[in-house]
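Just so you know, the protein sequences line up as chains V and L, in that order.
Quick note: the first sequence, position 73, residue 73 per this note's numbering, numbers continuous.
Quick note: the second sequence, position 177, residue 177 per this note's numbering, numbers continuous.
None of these hints come from the bench; they were simulated from the model.
Please read all numbers here as calculations on a predicted model, not as lab measurements.
Don't take every hint at face value.
In the DSBU-like style, the derived pairs of lysine-lysine whose C-alpha atoms are separated by at most 35 Å in a straight line are [claimed, not checked]:
no., chain 1, residue 1, chain 2, residue 2
1, V, Lys-216, L, Lys-257
2, L, Lys-257, V, Lys-250
3, L, Lys-200, L, Lys-27
4, L, Lys-5, L, Lys-73
5, L, Lys-257, V, Lys-281
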Amino acid sequence: MAGWMNKILKINLSNNEQEEIELTDSTRENFLGGRGVGVKLFTDLSSPNIKPFDAENPLIFMTGPLTGTVLTSGRFQVISRSPLTNTICDSSSGGLFGMRLKEAGFDGLIFVGKAKNPVYVNITDDSVEIRDATNIWGKNTHETRDIIAQEVNPKASITCIGQAGENKVLFAALMNDKDRATGRGGLGAVMGSKNLKALVAYGTKKTSIAYPEELKNFKSFLNRLVKKNPVTGKLLPALGTSVLVDTINKHGMFPTKNFQKGVFNDAEGISGQKISENILKKQSACYKCPIACGRSTETDNKKGEGPEYETVWAFGAQLGISDLKAVTEANYICNEMGIDTISAGNTIGCAMELSEKGLFPDNIRWGDADRLVELVKKIGLRKGVGKELSLGAKRLAKKYGKPQLAMEVKGLELPAYDPRGAQGLALAYATSNRGGCHMRAYMIGPEILGQPVNLNRFSTAGKARIVSLFQDISAFVDSTILCRFLQFAIGIDNFAKIVNLVTGSNLTGDDAVKIGTRIYNLERKFNVEAGFKRDDDILPERFLNDKLKTGSSRNRVVELDKMLNEYYELRGWDNEGKPTAETLAKLNLS
Amino acid sequence: MITRKELAKMIDHTELKASSGKKKIKKLCEDAVNFGFYSVCINSCHTKFASDILKNTNVEVCVVAGFPLGANKTEVKAAEAKKAVEDGAGEIDMVINNGLLREGDYEYVERDIRKVVEASYPAHVKVILENCYLTNEQIVKGCEISVSAGAKFVKTSTGFGAFGALPEHVKLMRETVGANIGVKAAGGIKNFKDTWRLIKAGANRIGASAGVSILEGLSLYKYAEDAWLEPEIPCHICPARHVSITSVPKSIFKYYKKRCSNCKYKNKYNKFYE
Numbered sequence: 001m002a003g004w005m006n007k008i009l010k011i012n013l014s015n016n017e018q019e020e021i022e023l024t025d026s027t028r029e030n031f032l033g034g035r036g037v038g039v040k041l042f043t044d045l046s047s048p049n050i051k052p053f054d055a056e057n058p059l060i061f062m063t064g065p066l067t068g069t070v071l072t073s074g075r076f077q078v079i080s081r082s083p084l085t086n087t088i089c090d091s092s093s094g095g096l097f098g099m100r101l102k103e104a105g106f107d108g109l110i111f112v113g114k115a116k117n118p119v120y121v122n123i124t125d126d127s128v129e130i131r132d133a134t135n136i137w138g139k140n141t142h143e144t145r146d147i148i149a150q151e152v153n154p155k156a157s158i159t160c161i162g163q164a165g166e167n168k169v170l171f172a173a174l175m176n177d178k179d180r181a182t183g184r185g186g187l188g189a190v191m192g193s194k195n196l197k198a199l200v201a202y203g204t205k206k207t208s209i210a211y212p213e214e215l216k217n218f219k220s221f222l223n224r225l226v227k228k229n230p231v232t233g234k235l236l237p238a239l240g241t242s243v244l245v246d247t248i249n250k251h252g253m254f255p256t257k258n259f260q261k262g263v264f265n266d267a268e269g270i271s272g273q274k275i276s277e278n279i280l281k282k283q284s285a286c287y288k289c290p291i292a293c294g295r296s297t298e299t300d301n302k303k304g305e306g307p308e309y310e311t312v313w314a315f316g317a318q319l320g321i322s323d324l325k326a327v328t329e330a331n332y333i334c335n336e337m338g339i340d341t342i343s344a345g346n347t348i349g350c351a352m353e354l355s356e357k358g359l360f361p362d363n364i365r366w367g368d369a370d371r372l373v374e375l376v377k378k379i380g381l382r383k384g385v386g387k388e389l390s391l392g393a394k395r396l397a398k399k400y401g402k403p404q405l406a407m408e409v410k411g412l413e414l415p416a417y418d419p420r421g422a423q424g425l426a427l428a429y430a431t432s433n434r435g436g437c438h439m440r441a442y443m444i445g446p447e448i449l450g451q452p453v454n455l456n457r458f459s460t461a462g463k464a465r466i467v468s469l470f471q472d473i474s475a476f477v478d479s480t481i482l483c484r485f486l487q488f489a490i491g492i493d494n495f496a497k498i499v500n501l502v503t504g505s506n507l508t509g510d511d512a513v514k515i516g517t518r519i520y521n522l523e524r525k526f527n528v529e530a531g532f533k534r535d536d537d538i539l540p541e542r543f544l545n546d547k548l549k550t551g552s553s554r555n556r557v558v559e560l561d562k563m564l565n566e567y568y569e570l571r572g573w574d575n576e577g578k579p580t581a582e583t584l585a586k587l588n589l590s
Numbered sequence: 001m002i003t004r005k006e007l008a009k010m011i012d013h014t015e016l017k018a019s020s021g022k023k024k025i026k027k028l029c030e031d032a033v034n035f036g037f038y039s040v041c042i043n044s045c046h047t048k049f050a051s052d053i054l055k056n057t058n059v060e061v062c063v064v065a066g067f068p069l070g071a072n073k074t075e076v077k078a079a080e081a082k083k084a085v086e087d088g089a090g091e092i093d094m095v096i097n098n099g100l101l102r103e104g105d106y107e108y109v110e111r112d113i114r115k116v117v118e119a120s121y122p123a124h125v126k127v128i129l130e131n132c133y134l135t136n137e138q139i140v141k142g143c144e145i146s147v148s149a150g151a152k153f154v155k156t157s158t159g160f161g162a163f164g165a166l167p168e169h170v171k172l173m174r175e176t177v178g179a180n181i182g183v184k185a186a187g188g189i190k191n192f193k194d195t196w197r198l199i200k201a202g203a204n205r206i207g208a209s210a211g212v213s214i215l216e217g218l219s220l221y222k223y224a225e226d227a228w229l230e231p232e233i234p235c236h237i238c239p240a241r242h243v244s245i246t247s248v249p250k251s252i253f254k255y256y257k258k259r260c261s262n263c264k265y266k267n268k269y270n271k272f273y274e
């Protein structure tokens with residue numbers, strides 16, 4: 001079938017056995033690729049009894065049918081069970097690695113087992129070689145990349161973990177290419193638990209395309225959609241994702257000091273404008289991306305990529321810090337050690353609030369920029385105070401008797417938007433299958449940016465419907481796999497059309513939404529079987545009871561229960577949030 | 001629900017910025033053809049250039065006259081319109097003399113429009129009222145004068161005023177001109193929801209530079225029509241929310257402030273009292 005290499009390899013790192021997994025047409029039709037097929041393979045190969053750090057826990061790397069074909073298609077998706085949340089978890093990354101993996105002849109790779117000694121896996125045209133990585137164990141991601149590139153092929157794309165993944169920091173990330181991160185859910189720690197340091201991909205194969213001429217013409221059309229959209233055509237290229245600092249702060253939902261306030265008075269110091277003026281070297285872009293939201297930056301001491309919006313928040317407003325240099329250098333350390341910046345900053349903020357209340361042994365103060373880099377390094381190495389911080393906010397707050405101070409959902413630390421300022425976002429956080437995440441349904445688009453369509457952010461009416469729709473469409477796009485920023489500019493009918501032109505299939509927008517619905521329900525089914533229920537679709541008490549005192553979201557709390565009931569009903573889930581037999585049957589998931 | 005093709009045929013794809021040169025106009029024309037828009041709406045200096053590009057296509061050239069203030073002498077407006085039609089314009093969007101309409105010099109305003117209508121023949125003329133500087137009564141009067149002077153459309157805004165098209169004004173304009181005269185909503189229309197609300201209020205033509213995004217938004221709508229159309233807090237789409245003492249004439253500010261004080265939403269959402 002066009003769009004596919006028709007090869008998914010399962011590798012058992014305990015005994016180096018390799019087995020080709022056949023991907024049936026029905027799996028492709030029902031789950032498309034990327035996240036969808038990854039989730040399907042994961043649920044086939046795993047069970048709720050297998051814990052995240054068990055050798056049997058599959059760690060799956062997937063490309064999609066569009067990988068390497070159109071704009072933003074260098075992406076890949078990693079799927080496993082998260083050690084941070086215990087949910088099924090997928091996380092994706094841009095750059096080139098997805099495309100290189102496919103060029104090497106593979107749609108996906110599945111790792112089970114645990115290597116006796118550290119290894120890395122070299123993937124070239126149709127072959128997979130497991131190599132010793134003892135000499136690079138303990139190295140950071142940049143050093144790892146440089147050593148392997150020299151050993152194997154400077155043109156290869158490398159995905160690896162740093163010290164955080166090796167040390168099983170519960171929110172360790174995988175890093176690939178130029179500081180691109182598979183950030184959320186601690187999948188870097190799963191990789192570390194398997195003694196798998198890196199994947200290296202390079203090849204010469206090309207993805208077959210069903211209608212190459214039509215696709216070529218359609219690409220120009222897609223580029224126009226992206227250029228003409230105010231978010232993808234103007235805001236993101238101009239200032240990167242940090243363009244959101246001003247906007248979110250003005251909406252009174254820029255979480256400050258562990259979500260105690262929604263306005264950060266010193267936001268200007270960490271804004272997109274400030275990044276452009278003070279540390280920006282040049283814009284950077286993923287494979288064939290016309291947006292180029294990336295920022296190559298430089299401080300007095302170092303250079304690297306970022307920080308992105310989520311990071312300037314996590315190490316900035318969340319901690320009461322407005323020192324851009326400190327934020328940037330902490331971000332560089334996260335890139336090097338392989339740490340999710342959202343979880344790291346959120347957890348440090350939780351520790352600061354505990355400390356402020358005299359409940360934490362280490363005196364970590366709001367606004368203490370001088371200690372930021374040190375704290376992040378300690379997290380990566382799991383040393384000193386870093387050992388506790390590396391567990392994430394939920395476990396940390398619980399240990400010190402104040403679970404309500406952890407700003408998380410299902411154990412995943414919340415990102416840079418206070419849900420009291422946008423009811424749909426609040427529901428999206430609560431019902432996200434991988435925990436507190438803004439990307440399962442990016443409601444900031446309609447509720448704050450007015451894109452692709454504007455919604456009243458304070459109203460709960462209709463939000464259950466829109467959130468579930470966004471979750472489904474996002475699951476589809478994650479399965480193609482294209483960058484989610486395209487959703488601002490490209491409608492679901494046109495996403496389906498790209499798939500059709502590449503694979504020769506005949507999908508409509510309706511089919512695409514249904515594929516997304518199926519993926520979302522399969523993830524939910526796994527979580528339910530793993531013991532998750534309605535009580536886990538909850539937000540921290542702060543958002544439900546404490547009104548924001550200042551800013552344009554003042555006097556607001558989240559009205560979750562009402563939306564949640566409506567959401568379950570629309571989803572065809574019972575009162576505990578479990579998909580009913582009828583719903584599963586309708587989606588071929590029985 | 002409207003189809004993508006039908007929606008595209010209601011849109012005047014617009015580029016009226018002072019900073020836009022030929023490159024932008026060329027792209028605008030290409031987009032209009034590729035996306036199936038009704039017309040391109042441009043400044044008069046680009047008329048010939050755009051007409052040449054759009055020759056043998058279904059896309060009209062719509063040209064603004066007396067834009068954006070409408071305060072030029074009648075002869076200048078008429079000459080601008082006449083030249084645009086000679087250069088290939090199929091529609092003329094002229095700006096009304098808003099200041100004289102506000103002062104009640106209806107004779108001048110009607111003559112101003114009539115001269116442009118005559119100069120533009122056989123092209124249709126749309127009259128831009130710039131509603132943000134008018135009371136509802138003045139909007140009604142502006143519509144009546146426009147129709148009586150031979151205009152085929154009335155249009156809400158230039159996009160350069162204090163605010164653009166709002167459903168309340170479109171509804172009022174439609175009620176005033178009836179079914180046989182067009183109502184064009186323009187100014188600040190950024191996405192499908194804005195557009196759909198204005199169409200529901202009575203607009204049959206949309207002027208927007210965001211036409212491409214508007215069309216893409218339609219594909220989301222069909223999955224959750226009711227949810228998207230959930231009523232706004234009324235003040236969000238009330239003209240009163242968009243006025244300030246510095247952006248509109250004092251009399252208009254007072255007009256809306258007075259209206260707000262009598263509004264049933266006063267204690268709930270009211271802009272001036274919240």
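The hints, checked one at a time:
| no. | hint | verdict |
| --- | --- | --- |
| 1 | V:Lys-216 / L:Lys-257 | violated, 55 Å |
| 2 | L:Lys-257 / V:Lys-250 | holds, 25 Å |
| 3 | L:Lys-200 / L:Lys-27 | holds, 30 Å |
| 4 | L:Lys-5 / L:Lys-73 | violated, 39 Å |
| 5 | L:Lys-257 / V:Lys-281 | violated, 50 Å |
Hints 1, 4, 5 from the list above are not met by this structure, while the remaining hints are.
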